[in-house]
Every structure is written in structure tokens, then in C-alpha cells.
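Trainee: Chains A and B, in that order, are what the protein sequence lines are. My numbering puts the first residue of the first sequence at 188, with every later residue one more than the last. My numbering puts the first residue of the second sequence at 10, with every later residue one more than the last.
According to the in silico footprint, chain B covers these stretches of chain A (three or more CB under 8 Å from chain B):
#1 270-278
#2 312-319
#3 447-460
Restraint-style ranges between C-beta atoms, simulated for each label pair:
#4 Gly-267(B) - Glu-372(A): 37 to 43 Å
#5 Ile-366(A) - Thr-20(B): 17 to 23 Å
#6 Cys-263(B) - Val-208(A): 29 to 35 Å
#7 Gly-435(A) - Leu-28(B): 35 to 41 Å
#8 Ile-231(A) - Thr-240(B): 31 to 37 Å
#9 Met-182(B) - Arg-368(A): 34 to 40 Å
#10 Val-218(A) - Gly-267(B): 41 to 47 Å
#11 Gly-327(A) - Thr-20(B): 28 to 34 Å
Partner residues aside, some chain A positions facing chain B, computed with beta carbon under 8 Å:
#12 Val-205
#13 Pro-213
#14 Met-216
#15 Cys-294
#16 Trp-299
#17 Ser-301
#18 Asn-302
#19 Ile-307
#20 Ala-308
#21 Ile-402
#22 Ser-431
#23 Tyr-439
#24 Ala-443
Don't read these hints as lab results, they were simulated from the structure. From a predicted model like this one, the values you see are computed outputs, not experimental measurements. Quick reminder that beta carbons are idealized off the backbone N, C-alpha and C, glycines included.
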Amino acid sequence: MRRSALFSWLQAAPLALVLAVFLLVPMAMLVIVSFFDYDSYSLIPDFVLTNYRESFSSAVTWRTFGKTLWFAGLTWVITFGIGFWVAYYLAFVVRGDMPRMVLFVLCTVPFWTSNLIRMIAWVPFLGRNGLMNSALIGMGAINKPLEFLLFSDFAVVLAFVHLYTLFMVVPVFNTMLRIDRRLLEAARDAGAGFWQTLWCVILPLTKPGIGIGSIFVVVLVMGDFATVRLMSGGQSASVGLMISNQIGLMQYPAAAANAVGLLAMVLLLMAAILRAIDIRREL
Amino acid sequence: MPGRLARFLLTGLFALFLLFLYGPTLTIAVLSFQGPDGGLTFPMNGVSLHWFGQLFATQAVGDIGAALKRSLALAAMVTATTVVVSLAAGMAFRRRFPGATVLFYLTLASLIVPSILVSLGIGLLFNLMEWEPAWYSSAYGAQLTWILPFGLLIMFAVFNRFDRAWEEAARDMGATPWQEFVHVVLPIIAPSVVGIALFGFTLSFDEFARTLMTAGNGNTLPLEILGMTTTVTTPVLYALGTASTALSFVVIGCAILGMRGLRPVGRLRPPHGPEAQ
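Construct all of the structure, not just a fragment, from the sequences and the given hints.
Mentor: Written out as C-alpha cells, the structure reads:
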């Protein structure tokens, strides 16, 4: 090995060590434990398929996986719908670097607040006697409080959108900034209108950013348990929540089997996104 | 370029988006000043600091002071590690070395694996090895798997824009590799390094999914909040939220001030050439 290669290797070694100990080994552990047997007190090292069989023969598990996918899909559609236009506004409508940076920073500030706090913050808005219901009753739009606002799938998706739209805005905005403005002028000179420029020039060039944003949003929603628990008030389910409940009951092998299922689903989705969009250009 | 109507609509959308982002947080900031008899929603029942006082009183919900200390110490450890390790790895990735591709994909994988799986995996590892999980060992490692890759990605972005001419100039003038790093590379990238520290600190300070199974007996602040959300039904929750948000802002403010102090001095820049960023 050349000396410089050895030196680079030494520089990268701490990263490799951390990832090996705290990512690779624990993931291997998950797979191993998912084949373990257990009773109410302890794990019993074994090689049984009961955890998988019990979990995936139950309709509840499949419904929960379906629900998680549904949450991820819906949240993705909404965060993309909002995030794309917010990024577009920042990149192409706002004039001047200084106002652009100020507005961008304004978007990122709420990120510094704990996610839990930002979820709780919806309670005085959506509750039975909350601002939303009072306002609607005050306007005469409804005569009794809407019950579906808090502790419902609506609240869960609202919280996801609130928490994760930024993860879509940042990469899309970053890619849009790198688009050569002369391409837009060329499109206009060639007679393209607003939508044609958007569809044929901006959208294709923004794809890598959209890919990265989508990966973040999908992964964050798929692994979530706290948002679903808090915002649905225990009335909805997700795979993450199912796993966290099983952890609470000390059913580690069952939790591990579901975890392996979740991991497989996330990896498949990532493969699909990466297949559709080449993000390497962006890294 | 969008026409006048489109610009108008997009400005409206952006304003709504900001309102959506800030509205709830501002609401609980106001509600945390509820009078002692006030509830979780409007109307305000007087104005007081009662609930902030309650935060530090010993209470049924747990020990917030101790949790805060743990969270701050953990965030400091994670921040320091992230800065050093991602800076070193960022330098390493500027050259080819055996295993670089594998390590790169492993880093990306680390970002993609859902946090609760990392938490469960590390929890199981410690369980089977009969090690005692604690915030400074297992939770520290769990947080690194998410925050280190972020730091490294920022490092990549920094070095992609880094002008190698600076280093060549330093070498031509006889600098050793260490001098080159300390006197040339580090001062130029210092603002980004502070950025990574800031980012790492916040990510760690607010993390709960990865800490869930790995914190052992001592809760961190977010875990304490998570526990409180199901048991506490007074504005003390809002006071906690407002206080922790304020703390984040203080840290950010300090870091931004620090960053201004670290700006590369003017004489480093050539009179006409491109600025190194």
C-alpha cells in the first residue's frame, strides 16, 4: 500500500469503526435475534421461524405495513407539492442573493426546535376547544366542534408535513440554485411558456434534488413511531409504533422480525427511488 | 420566468408556508405564560411565569434538571466527535483509498436505516453482551450513526468547492502537510466546521428515536418530554418546549458569533482571483 493511501485510510478509520460497531453489528444483531425464541423473562438463543410466521400470518401486521406505506405516500405527495413550489419561489421568484438567503434561513429556523415540541404545539390548534374549532364556530361554518382534527390520521399527516417539508425544500432548492440561468433564457427565446419551461427544463434538472428529498421524507415517515402515537392518540398504527410497542412488552424477537420486515421495505423503496433518479451527480 | 400572477400566487403560498411553520410554535410560546389556573388551550387565564417555575420544582413527572444536564453533555460529546471524525474522513475522501466506495455507501446506508431499528439493534447488542446501556455509551453511538453521516455530507460539499490552489501554494512555500492543514485548510473551512458543530449539536439535543432503547436508566431531555406528553396535561409542557427552543436559539446565536470571529482574514484572499469558499 502506498504511504498516502495508508494515511487516508487512517483518517477514515474512525468513521469506519463507528459505523461498524454501531450500525453493522447492531443490524446483524437484529437479524440474528429475529430467529431467537423467547419467554416472558428472557431471550432464548435458537433458530426458529415462529417470529416471522406469527407476525406475517396476521392480517393486522399486513394492514399496519399497508398503513405505513399509505402515510409515507400521502406525506410524500404533499411535501413534494408544497416543497417544490417553496423551493421554486426561493430560487426563481425572489431576486437577489441576500433576500433569498434570509427567506431560506426563515424556513430552516423551526428545524432547531425539537420535533416533539412541534408536535405538541398542534394541540391548542386542533383540540376540541382549540383555535381551529373556535374560529370555525365563530364564523358560523360549523355548529359543533370537528372531532377529526386531533387524534386522527389527519393530525398524523399534518404533523408529518409540518415536520418534514423542510427535508424536501432544502435539496430541491439546492439543485435549483445550480441550474444555469441561461438555459431558462434560451427556453424563453425558443418560445417556451411558463409550464413548458417548468416541465422540459427545470423539472428534469431538479430531479436529483427531488430524489434526495424523497428519500429523506419516505425514510423518516416509514421509521416513525412518536408522531403516529402522539397525533393519533393511539388510534392509528405504523410499523415503527408496532415495533416500539413490542419493545415495551420486552418481546424483542418479535420486534426484531418486524424490524427486518421494515428494513426490507425501506431498502426496496430506496432501490426504486434510486432506479428512477440518479442522485450521484448531487453528492 | 413566471408572470406577474404566478409571482403573486407563489408569494402568497410562501407566506402561508411560513405561517404554517411558525404558527404552532408561537402559539405554545404564548400559552406557556398562562396563569396558574390556565389550561392547555386559549383563553389565557392571566399571565405568569408559574409554569416555568414548575419546570425546576421536583415533581411527579421526573427530573428535568438532570435530564437537561445529560442531554447537554451528550450533545457536546456527539458534536466534538462529529467535527473531528467527519473532518478527518472528509480529508480522506479527497484522495482515493482502498475501501472508499464501500465506506461511502455504508455512510449513506447509515442515514437511510430508520432510527428505531438502530435503537433496537444497539439495545439488543448491549442486552446480549450483558453490557449496561447508558447515555454516554450506547446512546452516544446510536446518535453518531445519524449525525456523523450528515457531517460527512456537509464536508463533501465543502471540499467540492475548495480551491486546491491554496494547498499547492502552501506546499510551494515549503509547508509540511501539518502546517498546510493548520494554517491553510482549516482557517478556510472553519465557518463550515462551525456549521457542522451547530448542526450536530441540535440534531443530538433533539434526538429521541435513537436514544429510546439505548439511554439506559438516565433519560435525556427529549425522552423526558416524550414521557411527559402522555402523563402531563398542564402548560408546564409548553413551558418546557419554549425553554428548550430558547436554549437552542442561544446556542445558535453563540455559534454564529463564533463563526464571524473565525472568518478567514482578508489578507488570505488574492486581490483579483476567485474567493475560496
